[in-house]
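**Student:** Protein chains in written order, with UniProt numbering: chain Y, 1 to 255; chain X, 1 to 255; chain S, 1 to 255; chain L, 1 to 255.
Hints should not be assumed to be uniformly reliable.
As the list claims (entries may be wrong) - The calculated EDC-like cross-link candidates involving lysine to aspartate or glutamate, where the alpha carbons are at most 20 Å apart (straight line), are:
id : chain 1 : residue 1 : chain 2 : residue 2
1  : Y       : Lys23     : S       : Asp28
2  : Y       : Lys60     : Y       : Asp28
3  : L       : Lys60     : L       : Asp28
4  : S       : Lys23     : Y       : Asp234
5  : L       : Lys23     : X       : Asp180
Said to hold, decoys possible - Sample of chain L residues lacking proximity to chain Y, with all beta carbon distances greater than 12 Å (derived):
id : residue
6  : Asn21
7  : Pro72
8  : Arg80
9  : Met82
10 : Ser85
11 : Glu88
12 : Ala119
13 : Asp142
14 : Ala153
15 : Arg188
16 : Glu199
17 : Ser218
18 : Ala240
19 : Arg246
Simulated from the structure, these hints should not be mistaken for laboratory data.
Think of the CB as a built atom: it goes at the ideal place given N, C-alpha and C, for glycine as much as any other residue.
Number of protein chains: 4
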Amino acid sequence: MSRSAPSLPLLNCDMGESFGNWKIGLDDEVMPYVDCANIACGFHASDPTIMRRTVRLAVKHDVRIGAHPAYPDLQGFGRRSMACSPAEVEDMLLYQIGALDGICRAEGTRVQYVKPHGALYNDMAADPTLLRAVMQAVVRYDASLPLMVMATANPAPMQALADEMGITLWFEAFADRAYDSRGHLVSRREPGAVHHDSEVIIAQSVTLARGEALTDSSGGDLVLSADTLCVHGDNAESVAAVRAIRDAFDALAGA
Amino acid sequence: MSRSAPSLPLLNCDMGESFGNWKIGLDDEVMPYVDCANIACGFHASDPTIMRRTVRLAVKHDVRIGAHPAYPDLQGFGRRSMACSPAEVEDMLLYQIGALDGICRAEGTRVQYVKPHGALYNDMAADPTLLRAVMQAVVRYDASLPLMVMATANPAPMQALADEMGITLWFEAFADRAYDSRGHLVSRREPGAVHHDSEVIIAQSVTLARGEALTDSSGGDLVLSADTLCVHGDNAESVAAVRAIRDAFDALAGA
Amino acid sequence: MSRSAPSLPLLNCDMGESFGNWKIGLDDEVMPYVDCANIACGFHASDPTIMRRTVRLAVKHDVRIGAHPAYPDLQGFGRRSMACSPAEVEDMLLYQIGALDGICRAEGTRVQYVKPHGALYNDMAADPTLLRAVMQAVVRYDASLPLMVMATANPAPMQALADEMGITLWFEAFADRAYDSRGHLVSRREPGAVHHDSEVIIAQSVTLARGEALTDSSGGDLVLSADTLCVHGDNAESVAAVRAIRDAFDALAGA
Amino acid sequence: MSRSAPSLPLLNCDMGESFGNWKIGLDDEVMPYVDCANIACGFHASDPTIMRRTVRLAVKHDVRIGAHPAYPDLQGFGRRSMACSPAEVEDMLLYQIGALDGICRAEGTRVQYVKPHGALYNDMAADPTLLRAVMQAVVRYDASLPLMVMATANPAPMQALADEMGITLWFEAFADRAYDSRGHLVSRREPGAVHHDSEVIIAQSVTLARGEALTDSSGGDLVLSADTLCVHGDNAESVAAVRAIRDAFDALAGA
Chain Y
1 MSRSAPSLPL
11 LNCDMGESFG
21 NWKIGLDDEV
31 MPYVDCANIA
41 CGFHASDPTI
51 MRRTVRLAVK
61 HDVRIGAHPA
71 YPDLQGFGRR
81 SMACSPAEVE
91 DMLLYQIGAL
101 DGICRAEGTR
111 VQYVKPHGAL
121 YNDMAADPTL
131 LRAVMQAVVR
141 YDASLPLMVM
151 ATANPAPMQA
161 LADEMGITLW
171 FEAFADRAYD
181 SRGHLVSRRE
191 PGAVHHDSEV
201 IIAQSVTLAR
211 GEALTDSSGG
221 DLVLSADTLC
231 VHGDNAESVA
241 AVRAIRDAFD
251 ALAGA
Chain X
1 MSRSAPSLPL
11 LNCDMGESFG
21 NWKIGLDDEV
31 MPYVDCANIA
41 CGFHASDPTI
51 MRRTVRLAVK
61 HDVRIGAHPA
71 YPDLQGFGRR
81 SMACSPAEVE
91 DMLLYQIGAL
101 DGICRAEGTR
111 VQYVKPHGAL
121 YNDMAADPTL
131 LRAVMQAVVR
141 YDASLPLMVM
151 ATANPAPMQA
161 LADEMGITLW
171 FEAFADRAYD
181 SRGHLVSRRE
191 PGAVHHDSEV
201 IIAQSVTLAR
211 GEALTDSSGG
221 DLVLSADTLC
231 VHGDNAESVA
241 AVRAIRDAFD
251 ALAGA
Chain S
1 MSRSAPSLPL
11 LNCDMGESFG
21 NWKIGLDDEV
31 MPYVDCANIA
41 CGFHASDPTI
51 MRRTVRLAVK
61 HDVRIGAHPA
71 YPDLQGFGRR
81 SMACSPAEVE
91 DMLLYQIGAL
101 DGICRAEGTR
111 VQYVKPHGAL
121 YNDMAADPTL
131 LRAVMQAVVR
141 YDASLPLMVM
151 ATANPAPMQA
161 LADEMGITLW
171 FEAFADRAYD
181 SRGHLVSRRE
191 PGAVHHDSEV
201 IIAQSVTLAR
211 GEALTDSSGG
221 DLVLSADTLC
231 VHGDNAESVA
241 AVRAIRDAFD
251 ALAGA
Chain L
1 MSRSAPSLPL
11 LNCDMGESFG
21 NWKIGLDDEV
31 MPYVDCANIA
41 CGFHASDPTI
51 MRRTVRLAVK
61 HDVRIGAHPA
71 YPDLQGFGRR
81 SMACSPAEVE
91 DMLLYQIGAL
101 DGICRAEGTR
111 VQYVKPHGAL
121 YNDMAADPTL
131 LRAVMQAVVR
141 YDASLPLMVM
151 ATANPAPMQA
161 LADEMGITLW
171 FEAFADRAYD
181 SRGHLVSRRE
191 PGAVHHDSEV
201 IIAQSVTLAR
211 GEALTDSSGG
221 DLVLSADTLC
231 VHGDNAESVA
241 AVRAIRDAFD
251 ALAGA
C-alpha cells in the first residue's frame, strides 16, 4: 500500500476535549484554520453530546474528522500509561472509532483517519506489539483509514509494519517541539524542549513543509518527512500561531 | 414504511452483560436457540472486549445482532431512570450503536436492529418525546434498522410515530409476564406478575406465536401482535425454557 | 436538638468542582470571602487530588469544610435526577462524606457540615423518604454535623423530621434568585427568576441577613429564616458580588 | 515503632468485590473463618451499597476490616498498572480509606488496617517512591493503622522505611503460591507457580505459621516471617481450603 503524500503537511488539532459541564479548547476559533480535527471519543475526554457538536463544527468548516481514541482514563486525560493488553487495545479502538463514526453518520459524514491520544500514542511508538494492535484495529474497522504516527529520523520499521498490515501511515511532526538527533521529541523536562516563540514555531512549520532540515538538539541536521503537523487550540496564543502557520502555508502553496 | 412481519416471533435475548472481571448470563448455552442477541454497549454493562467476544459468538451461531443501548449507569445496570434530555438520549444512542457496530465490522458483520435497555426502554414507552429521540437516533444512524418496542393492546400511536419517522418497529412480547387489559405488563410488585412455571411460559409463547388471545389479569381476552419474544439466559432454568420454546416453535413451523 | 442560629447568615459556596484536567470556578479568588466551602466529593465533580488541594485552600483561609455529595453522574454534573433508592442514597452519602473526611484528616481538619448537590438537593426537598435517607446518613456518620436544606416559608415539616432524627439543619437562602409566595425558588424558565444586577443581589442578602421580608414574585411579603446564604465563584462578576456581600455583612456586624 | 507480631498469622481475604448487579466471591461462606476482610473501596470493585453489606457481614463475624484501595480501573479490576504519580496515589488512598471508614462509622466500627490491591500492591513493592506515598497516606489518615506488604527474604529495607515513616507493617505470605529464593512469588507464567492441591496449601500454611522454612523453587530453604496469610473465597474449593487452614491453626494454637 503506497503512502499518501500531500504536498503540504495537513494541520491537525485535538478537538472536542470538553466533558459534560467542563470546557477545554477554543474549538470554534481554531477549526477554520486546520485540515484535520482529532476528535476525542469519550475515553480520555468528551461525551456523546460534545462529540456531536464537534463533528457538526468540523463538517461546517469542511475539516477532516479523525478518531482520537485513548486509554479509559477521564481523570488522567488519557495521559497515564495503562498496562492494557494488545487485544484490549484493539477492542477499545474499535469501540471508540465506531462510536465517533456513529455520531458522524448522524451528521452525514464519516471518520476519515485515526490518531491515538496521549499515553497510548506514546506507548504504541515504543512497543511494536501495541502498534500492531492499533494497526489491526484500524485495518479491521476500515483498511482505507490512515493512521497518524510520529515522524522520526528512521520511519522504515514502522512503514514496513504498515505495509505488512496493509495500512496507510500519516507521519506527524510537531511545530513547537525540539527534536533530538534520532528525530525523537526532546523530553519536556529538558530546557528548550518546547518552543514558545511564535516566530520559531512558524519557521519550524515552514521548514518541515518545505522538506528541509531542522537543527536538532545536538546541532545537527534532521530531515523529517511529515504528512501532517500537530497544532494546538488551547488558548489565544496557540490559535494565533495556527493562523500564522496557515498564512505561511497559503503563501507556500501560492508560490 | 411497512412493518416487517415474520411468521413466527423472533426469540430475542439480552447478551454480553458481563463487565470486566464480572460474569453474568449463560450466553454460550442460550445463543444457539435464539434469533436475536441484544448486545450491551458498555453503558449499563459490558466493555469492548466482552462485546467482541459476544459478537463473535453471535456470528458463530448466525444470530442477528442488536444494539442494546442504555443510560450511562454501570452501578445501576441501566435500571435507574435518569433525567437525560431527548438530545442527550439521541446522542448516547448514536454513540452506543456506533461502538457496537465498530466491533461488528471487525467480525465481518453489522448491527441489525436496536433495542433500548432497562429504564430507557420503559421511559421511552412512557414519554413520546423520548421515544421520538430514540427513533431519531436509529433513523439517523441507519433508517433500515428496526427498533424493538413493547407490544400493547394499542400499538397504533407508536406505529403512527414510527411511520412519520420512517422507521420499522418490531413489537416485543414477554413469555414469562402477566399482562393487564391494556396489554401492559403487570407490575412485579403484584402477585402472579412473573410466570415461573415453564409449562405456563411455553404455553404463552405458543399462544403469542399463533396470534391467539392471552388471558389478561382481569380474566379478559388480550391479543398482542408480537414480532419478537423476549427470553432469558440468566440461569439453567431460563435456558431450558428457551430450548423448549424453540422446540415448540419448530413444531409450529413444521405443522 | 436545637437549631444552630448564627447571627448573620454564613456565606456558603460550591468549591472544588474541577475534574482532572478540567478547571471550573475561581476557588482561589472567592475562598477568602466565604464562611463555608461545599466541596465536591468525586461523584458529580472533583477527584482525590483536587479535593486535597481544595481542602488545603479552605484550611488556609479558615473556612468551614462541607461535604457536597451528589448522584454518581460526572457527565451530567449531578444535575440529572436518578431513580436511586433511599438506601442507595444513604450509602452513597456515607461514602462521599467519608472520602472527603479522609482527605481532611491528612490536612489536619474534618468535614464540618453536609450539603447535597444539584438534583439530589432538589429531590430530597421534594421527597420526604429521600430526605430521611439523607438525614440518616449524616446522623450515622456524625450526628453533630449540620445538614444544609432549602429555606422555605414553611420550614416546620423539615424541622420536625430533623428533630425526630436528631440532626441540626442549616436553612439556606439564595441572594440571586426570586422566590414565590411559598418561599420556593421561581423556576429558571420564568422571566426574572435569576437576579443579575449586583445591587439587587446585595440588597436581597442584606434583607435576608436582617431577617426582614423579601418581596415575593406575586408582590407579597416573604420572611425566610436563613442560617446560610448560597453564593457563587463561577466568574469575576459573581466573585465581586460575594466581596460586596461580605463588606455589607461586615458593616451590619459592626453596626 | 515496633512491629505487631501475632503468634499465628492472621488469615486475610479479599471481600466485597461484587459491583452493582454483578456478584463475585463467596463472602458469606468464607467470612466466618478469616481474621481480616480486605474490603474493596469502589475503585477496582464494589460500590457504596455492597461496601455497607460487606462491612455488616464482617461486624457480624467479628472480623477486622481493612481498606483494600486500588487504581481507578473497574474494567481492569485494578490489575492493570497505571502511571499515577506518587501524589495521586497518596490522594486516592486517602479518598478510598475515608470512604470505607464512612461506611464503617454507620455500622459502629472503623477501618483497622490497609492492604493495597492488585497492580498497586505490586507496583509499591517494586517502586520505593510509590511505597512511600502509600505509607504517607496511611500515616496521615491514622498512624495507628497497619499496612499489609509482601513478605520477602529481605524485609529490612521496607521495615527501615516503615520505621522512618512511623508505620506498622504486617508482612503477608501466600499459602497457595511458590516462592523463589529471594522470597518473591514465582510468576504465574511458570509451571508450578500456583498450588492447587489443598494438602500442599494447608502444609505451606502450617509451615509459615510455625516460622519454619519453605522449600523455594530452586530447592533451597526459605524462611518468611509472616504476620498474615492471604486466603481466597472465590469458590467452594478455596473456601474449603480456608476452613482446613483454620482447623490446622486452631490445632496449632491448642497445642
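**Student:** Now tell me if each hint is right for this structure.
**Tutor:** Structure-based check of each hint:
1. Y/Lys23 <-> S/Asp28: Given pair Y/Lys23, S/Asp28 holds - Cα atoms ~19 Å apart, limit 20 Å.
2. Y/Lys60 <-> Y/Asp28: Measuring from Cα to Cα gives roughly 11 Å; hence the hint holds.
3. L/Lys60 <-> L/Asp28: At roughly 11 Å apart (the allowed maximum being 20 Å), L/Asp28 and L/Lys60 satisfy the hint.
4. S/Lys23 <-> Y/Asp234: Judged against 20 Å, a Cα distance of about 13 Å means the pair holds.
5. L/Lys23 <-> X/Asp180: Given that 20 Å is the threshold and the Cα spacing comes to 34 Å, the pair is violated.
6. Asn21: holds, 20 Å
7. Pro72: The claim is violated: L/Pro72 sits with its nearest Cβ about 6 Å from chain Y, within 12 Å.
8. Arg80: violated, 4 Å
9. Met82: Nearest chain Y Cβ is 5 Å from L/Met82, so the label is violated.
10. Ser85: Non-interface label fails for L/Ser85: nearest chain Y Cβ at 9 Å, not farther than 12 Å.
11. Glu88: Given a closest Cβ separation of 8 Å, the condition is violated.
12. Ala119: violated, 7 Å
13. Asp142: holds, 25 Å
14. Ala153: Consistent with the label, L/Ala153 stays out of reach of chain Y, its closest Cβ about 27 Å off (over 12 Å).
15. Arg188: Correct as stated: the minimum Cβ-Cβ distance to chain Y is 14 Å, above 12 Å.
16. Glu199: holds, 34 Å
17. Ser218: holds, 28 Å
18. Ala240: holds, 32 Å
19. Arg246: Check passes; 35 Å lies beyond 12 Å.
When the structure is compared with the earlier hints, violations turn up for hints 5, 7, 8, 9, 10, 11, 12 and for no others.
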